[in-house]
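Participant: For reference, the chains in residue letters:
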Amino acid sequence: MITAVRTPESLAAAVGHAAAGGRLMAGGTVVMAQVNSGSVGSPELVSLRRAGIGGISLDGSAARIGATTTLAEVEESPELAFLRDAVRSIASPAIRSLATVGGNLFVPQPYGDLAVCLLALDATVEIAGPDGSREVPVDVVLANGVAPGEVVTAVRLAVPAPGTWFYHKAMRRKLNSAAIVAVAAVVGTAGGVVTSARIALGGVAPRPVRAVSAEGVLIGRPLETDVLDEAGRAARGDIEPFDDAYASAWYRARVLPVHLRRAFLG
Amino acid sequence: MASQVVNLRVNERSREFLAAPGTSLLSSLRDALGLMAAKRGCAQGSCGTCTVLLDGRPVMSCLVAVETVDGASVRTLEGVARDGELDEVQAAFLEGFATQCGFCTAGMIMSAEALLDRNPDPTREDVVEAISGNVCRCTGYGPIVDAILDAAARRRP
Amino acid sequence: MAKLRGRGYASVNYPTGMNLGGDPSQALIHATTTGTFVVSLSSVDLGQGLKTVVAQCAAETLGLPMENILVDTADTDTGPHCMGTFASRGTHRVGNAVIMAAAEAREVMLAVAAEELEVDAGDLETDGTGYIQVKGAEEKRVHITDLALAAHFTHGRTISGRGIFLKEKNDPVPETGEMDPDSCQAHACTVAVVEVDDETGVVEVLEMHNAYEIGRALNPAMVAQQVEGGAWMGMSHALFESTEPYYPTRDHGPGDFNEYLMPGPADIPMYHNAILERPAGNGPFGAKGIGEMTANAPIPAIANAIFDACGVRLDTMPFTPERVLRGLDELRGNHH
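Chains as they are written, first to last, in my numbering: chain A, 1 to 266; chain B, 1001 to 1157; chain C, 2001 to 2336.
One should not assume that every hint holds.
Unchecked claim - If we take Cβ atoms under 10 Å as the criterion, some of the chain A residues that face chain B in the derived model are: (1) Met1; (2) Ile2; (3) Val31; (4) Pro43; (5) Ser47; (6) Thr70; (7) Ala91; (8) Val159; (9) Leu223; (10) Thr225; (11) Ala253.
No lab work stands behind these hints: they were computed from the structure. A virtual CB, placed ideally from N, CA and C, is assigned to each residue, including glycine.
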């Protein structure tokens, strides 16, 4: 039973309420579903809607995305056009109008496709708390969350050079469905071979994971079918797949190499 | 904390009502304001029957804590007809047999209005994406997509 | 990597109505003072359009425009009896009851008009726009609005009618098992065209061709609604839906509309529908029922199309990508 919903108009006030035990709520797509089913843990909610932590800014290729930026705003942003396909693979328009970039860091797989992208992009996360601010790599937040009283305020990423960003999400239906396997990657090539690779996978572990084994296979080799098949099989060592209503662990591991290849070759 | 007074501009009218903490926009529309078009289907944002326009954008109103949007403008199906005349989307649904039990229809029409407000000349793919969050159990979706494309054509000069 | 295309078909014949302990529906019709004909029913329109079909049957039988018909349903405390909306019985039973009631009301209407116009009732006809007129002398006529008023305030007559349709209870012949459980049978065939992704097992239904023989399409657009809506539901059952995805355990039973998988608007095939009419002797204007059967044939048609496409024979729904892929692995001797 909810006893209070606060909508602070400053970050400091939001941090204060969070430190006092309030449950943070950004877009509400997770928390309000819990409120509606009577399963939210805390009686006090703290909405971040008016805390002033939205907005997208670009400095060269360095993008800073405020935590309460909605997925719809990312979808419409010319600066982040490379993320458009990824964002449109998430839920539906009426969810994307509410769901936020910050919130996407905290949903369990197989949801959280933007978090998978941020992992591939080597993004960092700005966090404000009662003891001050810090900035950490996104995989730290994905693994550990944030401390009580802390509020994610923004993510920072480098917009990838043209031709280096890859994204593919396998779903049970064409739109509005969770990941069976999601692949997000920033891969650079020169002279016909891979020179750098950051590949993140969704849908195949409780949190987004780096496919380090696949990255290792690709370095120095061309992005061709047999190389990608080998990388995909190697990637099975990086995952901890689970059964759920969408697909079984067996199936996810089985088709991972197929979808890894399709992310690069179509 | 007691109920809060919330002000919204709903279908171009200023409305004021009380909301207990945690009340959704959907509950306020239906229970406080008597606007029954938006439906309770799943309370989780997975069915789309609660879709309304919030500051012009389609949202799952069951997932919006109404106190957090104090001062916003909301458009529901009740605000779509003009002077008692069905608008192009409503007329196209009716004449295109795009409704059977009607439970999804309010949400479908609001998703369509949101689309056409931004994109007056949508492709079939645009329409399909616009309604991708609205579940229909009766029609098989085809007539609904056709009706929205028909409405777009009627609305264009 | 290949997308394998296949085609399969299945057909169904489906009974209209059930036996129960006898299956009746009743209808009552009366005219108001201004010529609106109220059809009182306990029958339920759940979106399939029963109210529209009832209005069509009443209007057609009375010889009046649809605008003169008001269908008043579903107060089971006070309305004339109906068994309910199920077993594809609505159009057939309720339609027949309404026709019977409307026929009686029409007789009364013509009798009152005969008095009003001072002619024989046998010389009268309706023009379909609201007038009751003398055959061959159309200028001698009265509009239903005026007639209804006169019936109430001049002639003291109720323009009304009563109708019932009963499918009598039928017991099987003990020696042979023969019985007569339904009123008539409708027929359908679906041809499904699918594409199977042989690396992922994903099945996409590209087309569904549906032919339905339903006696008489009283409202062709509403028939199309049933055919397409049912085809979608059949495809949904065939490929997506399950409450126990890991049957027989209940693990990971879906908890919301995201997890309870159903195809969305991006996943629908092209539908091609053909309607055939072989009027049923006992149906309203020959109509048979069409409600439930529309989800039936698509399912085995899709199973057969999958078999045609890739050789995997599936007999347990839903035909998930995993089931197809495991089937392909068996055929190809793969063991992962």
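Participant: Each hint needs a verdict: does it hold in this structure or not?
Facilitator: Tested hints:
1. Met1: Given a least distance of 8 Å, the restraint on A/Met1 holds.
2. Ile2: Hint holds; A/Ile2 Cβ to chain B Cβ min 3 Å, cut 10 Å.
3. Val31: 8 Å, holds
4. Pro43: 8 Å, holds
5. Ser47: 4 Å, holds
6. Thr70: Result: holds, 8 Å to nearest chain B Cβ.
7. Ala91: 7 Å, holds
8. Val159: 24 Å, violated
9. Leu223: This hint is violated: A/Leu223 lies away from chain B, its Cβ roughly 28 Å from the closest one there, beyond 10 Å.
10. Thr225: 29 Å, violated
11. Ala253: Hint violated; A/Ala253 Cβ to chain B Cβ min 27 Å, cut 10 Å.
Hint check: violations occur at hints 8, 9, 10 and 11; the rest are consistent with the structure.
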